[in-house]
Amino acid sequence: MCNFLYIHIPFCISKCIYCDFFSVPFDKTLSEEYVNALCKELILKKQNIKFLKTIYIGGGTPTVLSEKSLSQLFKCLNDNFNFSSDIEITVEMNPGTLDELKIHTLIDSGVNRFSVGVQSFNDNELRFLGRIHNGENAHNTFKLLKKYNLENFSLDLIYGIPGQTMESWKFSLENAVNLSPSHISTYELTLEKNTTLYKLIKDSPNHFTMLDEDLIIEMYNFAIDYLSKNGFEHYEISNFAKPAFKCIHNLNYWDRGEYIGIGAGSHSFFNNVRTSNIMDINEYMNSINSNVLPIKESIVITPREELKEFIFLGLRKKEGINIKKLISSHLVNEKLLNALIKDFIDTGFLELKEDYLRLTQKGILISNTIIVKLFEKLEI
Amino acid sequence: MTKNIRNFSIIAHIDHGKSTLADRLLEYTGALSEREMMEQVLDSMDLERERGITIKAHAVRLEYKAKDGNIYILNLIDTPGHVDFSYEVSRSLASCEGALLVVDASQGVEAQTLANAYLAVEHNLEIIPVINKIDLPSADPNGTIKEIEEAIGIDCSEAILASAKEGIGTEEILEAIVKKIKPPAGDDNNPLKALIFDSWFDNYLGVIVLVRIFEGRVRPGMRIKMMAEGGIFEVSRVGIFSPKMKDVHELFSGEVGYIIAGIKRVTDTKIGDTITDADNPALEPCPGYKDIKPMVFCGFYPTQTHQYENLRDALNKLRLNDSSFVYEPETSLALGFGFRCGFLGLLHMEIIKERLEREFDLALLSTAPTVVYRVTKTDGEIIHVENPSLLPENYLKIEEPYVLATIFVPSEFIGPVLDLCQEKRGTQKNFAYIGKDRIKVDYELPLNEILWDFYDRLKSISKGYASMDYEFIGYRESDLVRLNILLNGEIVDALSLIVHKDKAYYKGRELTEKLRGIIPRQMYEVAIQAAIGNKIIARENVKALRKDVLAKCYGGDITRKRKLLEKQKEGKKRMKKFGKLELPQEAFLAVLKVK
Ligand SMILES: Nc1nc2c(ncn2[C@@H]2O[C@H](COP(=O)(O)OP(=O)(O)OP(=O)(O)O)[C@@H](O)[C@H]2O)c(=O)[nH]1
Ligand code: SF4
Ligand SMILES: [Mg+2]
Numbered sequence: 408m409c410n411f412l413y414i415h416i417p418f419c420i421s422k423c424i425y426c427d428f429f430s431v432p433f434d435k436t437l438s439e440e441y442v443n444a445l446c447k448e449l450i451l452k453k454q455n456i457k458f459l460k461t462i463y464i465g466g467g468t469p470t471v472l473s474e475k476s477l478s479q480l481f482k483c484l485n486d487n488f489n490f491s492s493d494i495e496i497t498v499e500m501n502p503g504t505l506d507e508l509k510i511h512t513l514i515d516s517g518v519n520r521f522s523v524g525v526q527s528f529n530d531n532e533l534r535f536l537g538r539i540h541n542g543e544n545a546h547n548t549f550k551l552l553k554k555y556n557l558e559n560f561s562l563d564l565i566y567g568i569p570g571q572t573m574e575s576w577k578f579s580l581e582n583a584v585n586l587s588p589s590h591i592s593t594y595e596l597t598l599e600k601n602t603t604l605y606k607l608i609k610d611s612p613n614h615f616t617m618l619d620e621d622l623i624i625e626m627y628n629f630a631i632d633y634l635s636k637n638g639f640e641h642y643e644i645s646n647f648a649k650p651a652f653k654c655i656h657n658l659n660y661w662d663r664g665e666y667i668g669i670g671a672g673s674h675s676f677f678n679n680v681r682t683s684n685i686m687d688i689n690e691y692m693n694s695i696n697s698n699v700l701p702i703k704e705s706i707v708i709t710p711r712e713e714l715k716e717f718i719f720l721g722l723r724k725k726e727g728i729n730i731k732k733l734i735s736s737h738l739v740n741e742k743l744l745n746a747l748i749k750d751f752i753d754t755g756f757l758e759l760k761e762d763y764l765r766l767t768q769k770g771i772l773i774s775n776t777i778i779v780k781l782f783e784k785l786e787i
Numbered sequence: 021m022t023k024n025i026r027n028f029s030i031i032a033h034i035d036h037g038k039s040t041l042a043d044r045l046l047e048y049t050g051a052l053s054e055r056e057m058m059e060q061v062l063d064s065m066d067l068e069r070e071r072g073i074t075i076k077a078h079a080v081r082l083e084y085k086a087k088d089g090n091i092y093i094l095n096l097i098d099t100p101g102h103v104d105f106s107y108e109v110s111r112s113l114a115s116c117e118g119a120l121l122v123v124d125a126s127q128g129v130e131a132q133t134l135a136n137a138y139l140a141v142e143h144n145l146e147i148i149p150v151i152n153k154i155d156l157p158s159a160d161p162n163g164t165i166k167e168i169e170e171a172i173g174i175d176c177s178e179a180i181l182a183s184a185k186e187g188i189g190t191e192e193i194l195e196a197i198v199k200k201i202k203p204p205a206g207d208d209n210n211p212l213k214a215l216i217f218d219s220w221f222d223n224y225l226g227v228i229v230l231v232r233i234f235e236g237r238v239r240p241g242m243r244i245k246m247m248a249e250g251g252i253f254e255v256s257r258v259g260i261f262s263p264k265m266k267d268v269h270e271l272f273s274g275e276v277g278y279i280i281a282g283i284k285r286v287t288d289t290k291i292g293d294t295i296t297d298a299d300n301p302a303l304e305p306c307p308g309y310k311d312i313k314p315m316v317f318c319g320f321y322p323t324q325t326h327q328y329e330n331l332r333d334a335l336n337k338l339r340l341n342d343s344s345f346v347y348e349p350e351t352s353l354a355l356g357f358g359f360r361c362g363f364l365g366l367l368h369m370e371i372i373k374e375r376l377e378r379e380f381d382l383a384l385l386s387t388a389p390t391v392v393y394r395v396t397k398t399d400g401e402i403i404h405v406e407n408p409s410l411l412p413e414n415y416l417k418i419e420e421p422y423v424l425a426t427i428f429v430p431s432e433f434i435g436p437v438l439d440l441c442q443e444k445r446g447t448q449k450n451f452a453y454i455g456k457d458r459i460k461v462d463y464e465l466p467l468n469e470i471l472w473d474f475y476d477r478l479k480s481i482s483k484g485y486a487s488m489d490y491e492f493i494g495y496r497e498s499d500l501v502r503l504n505i506l507l508n509g510e511i512v513d514a515l516s517l518i519v520h521k522d523k524a525y526y527k528g529r530e531l532t533e534k535l536r537g538i539i540p541r542q543m544y545e546v547a548i549q550a551a552i553g554n555k556i557i558a559r560e561n562v563k564a565l566r567k568d569v570l571a572k573c574y575g576g577d578i579t580r581k582r583k584l585l586e587k588q589k590e591g592k593k594r595m596k597k598f599g600k601l602e603l604p605q606e607a608f609l610a611v612l613k614v615k
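As given, the protein sequences belong to chains A and B, one line each in that order.
The numbering used here puts the first residue of the first sequence at 408, with every later residue one more than the last.
The numbering used here puts the first residue of the second sequence at 21, with every later residue one more than the last.
Hints in this document: simulated from the structure, not taken from any laboratory.
Positions of the beta carbon are idealized from the N, C-alpha and C atoms, including for glycine.
Honestly, I wouldn't trust all of these hints.
Derived pair list, reagent style DSBU-like, types lysine-lysine, alpha-carbon separation capped at 35 angstroms [to be verified]:
id, chain 1, residue 1, chain 2, residue 2
1, A, Lys606, B, Lys593
2, B, Lys567, A, Lys577
3, B, Lys449, A, Lys780
4, A, Lys606, B, Lys563
5, A, Lys577, A, Lys784
6, B, Lys534, A, Lys784
7, B, Lys534, A, Lys724
8, B, Lys593, A, Lys760
9, B, Lys592, A, Lys600
10, B, Lys567, B, Lys600
11, B, Lys592, B, Lys373
Beta-carbon label-pair distances, calculated as ranges [as the list claims (entries may be wrong)]:
id, chain 1, residue 1, chain 2, residue 2, range
12, B, Asp381, A, Asn489, 39 to 47 angstroms
13, B, Leu353, A, Lys760, 53 to 61 angstroms
14, A, Thr572, B, Lys483, 26 to 34 angstroms
15, B, Asp381, A, Asp486, 56 to 64 angstroms
16, A, Lys600, B, Tyr525, 38 to 46 angstroms
17, B, Ala564, A, His737, 33 to 41 angstroms
18, B, Arg559, A, Asn547, 57 to 65 angstroms
19, A, Glu690, B, Lys483, 54 to 62 angstroms
20, A, Lys760, B, Tyr525, 27 to 35 angstroms
21, A, Pro612, B, Tyr48, 56 to 64 angstroms
22, A, Glu690, B, Arg559, 36 to 44 angstroms
23, A, Glu620, B, Glu510, 27 to 35 angstroms
24, A, Lys784, B, Asp381, 22 to 30 angstroms
25, B, Leu225, A, Glu690, 56 to 64 angstroms
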């Protein structure tokens, strides 16, 4: 039985140029039908969920939904599931999609964690990224949150934007910290195929270039230093939190806990099977409306894959992985592992404390290489 | 009987249309039904069809009812056009009384036109010039005829204008074959003398030998002997290709056909060897037999060590079919266990590598090709060095193989061509105008220098118009040194090369720079150095990898991330580990990119 729930809202007002997540332009009628389908899917999967410890509503931009749709969704959740007393309910939102009415609806529905996609406080950068808001919109959103004494809110920031300077990155971080959020996520802008940004950079490399690697590293390191100085714990590669404000829902992913995903393109992990839902919204709804689970792919996780997941997910966390647990899986050769770890520790990429193996700051930067080496050397 | 037989070859420069013309002849004489007809029928290997080149010789028997009312047996031998296989071409020609010299009317005489025509003249063949591709708008038949007369000195007054593509001139060609080419001489009652001009291994039948019978006859039950190799076998079947295999009771003098005699290895049937009657042997073999030696060597290593056995089996199987290719196990400090392999030339090497990867599904790493050096050691012993890392520290002298290269080039490009030959340590031997705007130059060049990028550069500086052919002329002493490459202070034996002293510094610098671009960034910095003996002559650095991290797992999509990491791991499989370093295949061929 599962306690963690993810709900995907694949609608946005317009597409940001770097975005390759699954989202389509918002359409009121479609979104209403979609929410109907979400409620049906919740009921189809009801027997897998005992009571809920977290609900995470992500997107896309969940706050583009009307109050009516949002209320409907939460009513369905309340009617069908028990919530644990300390439940964490997160909603992702973008500045400019939130008004007083919606805030009310969310608060009344029990939402207690707000994740705001600010990305930057520099208007030029926001415009370049194709965001629908500017810095002022962001400030207004936070004013609104504060007005209701909401203190568990998180900000997403992006670094590595073409044209971005160290100064403007500092500016965004300072603005973020001054709002005293409980949580901050920083993401490096990566160039994904099938995005406008990708085309832009391929077509006019003289006008647009991705930032120099050294500058990006400097930005990342600066964020780590600056945020820890300001009381944020760097608890995962991209995430920082004030004490007691880590995102419980996301930690569950990295701990390989089970979760149920609802909505087009969402993912679930249940009974050792990882499944993903159909992405196409209409196909998804058709399937739900004929009472068929909209499964696109389901993969039974083998012990080998389990071990790989354990390693690469665990190493994302500051806390690291318990090597006792690694060894007890019987898939790794203890001698091999020890030799390998020693090598990485000697070269300053990993550290080992009380059976917990973790990446150093130097190691985090090349974590993929290290993880792949571990896979390779451990022959998994 | 023999007076109605005509044995002929088709010779030409690469791509001038030999195989296409063969198609037309097959079609015209009805050897193949239309349904069986496909382009370049005789190129049977997948590789031949894909690359559009002929790699092995082929023979086919045609029956032609000539205008004089008689039926003639025409044995057509299609030959490979590439210089790597020139010995095989010479044996094919030795099996014939005549040759069609095909020249592309839009290209004119090229280096191999000349080389092959000279070979034909040497073998006293009747040469019938065929001016091909006259359908092309850019065809210049008259100019081409003039070039042939001037460059080769044969009479072209009766040259045939043809288009193999459109079937123009086919009948005329067949008539010329019948009228101009002599029927084979020879006597069925003499002791058997059959020249081997090709052989291959068939899984069911064993070795199939293609022969031209010069004297005597051969039939099943006979005991035959290879005059040079010495093997004795009992014939089980003989037959002809028409073009499919067809057994006959006996092959007679003058005929072309196959012999099957329970032979297990192609190495027992060397091309150019003479087959005779073991119980009534001929006094002497057909002339011209040479035990050809591979000219170019390289190392093949499996990228995954567990494929070593598979590689050995695969090499063994290919060798069954190709006696001109040799291999033996070798060990490299950098690459582990592999094989040193010898080839007739670079094309031959590429073909073998491609077949190993394709037909045997092996992931191979090959080291840069090298020529064979002849080294006189301090104690006077002479050794052949096929692997640069095995060159002894001290020696009395070192010699390298030289070739005589013949280059054809439009006069407007002659300047850069001469510069190139100069740069490659060439000595000019001859210079002549062919026609009014083409030049033929002969250069003596170290084979080593033309192995690298010579041909590609020749083509590019002449906008593709230059052509080249070469022949081995012997060993010459040279001022050569071994250039070692060190990675993080350790010599990588598989990257060593032998270079001329005057070029060592330049090559060292270029090579380290190329390697810097090829070696991917790793967890640690990589220092690349080039050294002669203990002296470092160039160095470069590959900075350590600094950033390789994935940002986010959206909405719990763990599988995608796992697959990404697994893909990254797969990519590493193709890398060769060298201590802590990982080197891609390109690193071992970097030397080829150095001008
Ligand atoms: N237009 C035209 N093209 C021709 C003619 N004859 C051959 N070709 C083309 O020329 C190319 C080379 O022909 P091949 O018959 O493969 O030449 P080849 O001499 O056997 O080549 P190698 O075996 O590689 O030496 C092919 O693309 C043919 O289609 C012709 O008469 N006219
Ligand atoms: S708001 Fe987020 S999900 Fe929507 S387009 Fe922009 S980056 Fe993509
Ligand atoms: Mg051909």
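To see whether the hints hold, each was checked on the structure:
no. : hint                                    : result
1   : Lys606/A x Lys593/B                     : holds (31 angstroms)
2   : Lys567/B x Lys577/A                     : holds (21 angstroms)
3   : Lys449/B x Lys780/A                     : violated (58 angstroms)
4   : Lys606/A x Lys563/B                     : holds (29 angstroms)
5   : Lys577/A x Lys784/A                     : violated (40 angstroms)
6   : Lys534/B x Lys784/A                     : holds (29 angstroms)
7   : Lys534/B x Lys724/A                     : violated (39 angstroms)
8   : Lys593/B x Lys760/A                     : holds (32 angstroms)
9   : Lys592/B x Lys600/A                     : holds (23 angstroms)
10  : Lys567/B x Lys600/B                     : holds (18 angstroms)
11  : Lys592/B x Lys373/B                     : holds (21 angstroms)
12  : Asp381/B x Asn489/A: 39 to 47 angstroms : violated (57 angstroms)
13  : Leu353/B x Lys760/A: 53 to 61 angstroms : violated (39 angstroms)
14  : Thr572/A x Lys483/B: 26 to 34 angstroms : violated (49 angstroms)
15  : Asp381/B x Asp486/A: 56 to 64 angstroms : holds (59 angstroms)
16  : Lys600/A x Tyr525/B: 38 to 46 angstroms : holds (44 angstroms)
17  : Ala564/B x His737/A: 33 to 41 angstroms : holds (35 angstroms)
18  : Arg559/B x Asn547/A: 57 to 65 angstroms : holds (58 angstroms)
19  : Glu690/A x Lys483/B: 54 to 62 angstroms : holds (55 angstroms)
20  : Lys760/A x Tyr525/B: 27 to 35 angstroms : violated (52 angstroms)
21  : Pro612/A x Tyr48/B: 56 to 64 angstroms  : holds (57 angstroms)
22  : Glu690/A x Arg559/B: 36 to 44 angstroms : violated (59 angstroms)
23  : Glu620/A x Glu510/B: 27 to 35 angstroms : holds (28 angstroms)
24  : Lys784/A x Asp381/B: 22 to 30 angstroms : holds (26 angstroms)
25  : Leu225/B x Glu690/A: 56 to 64 angstroms : holds (58 angstroms)
In summary, the numbered hints that this structure violates are 3, 5, 7, 12, 13, 14, 20, 22.
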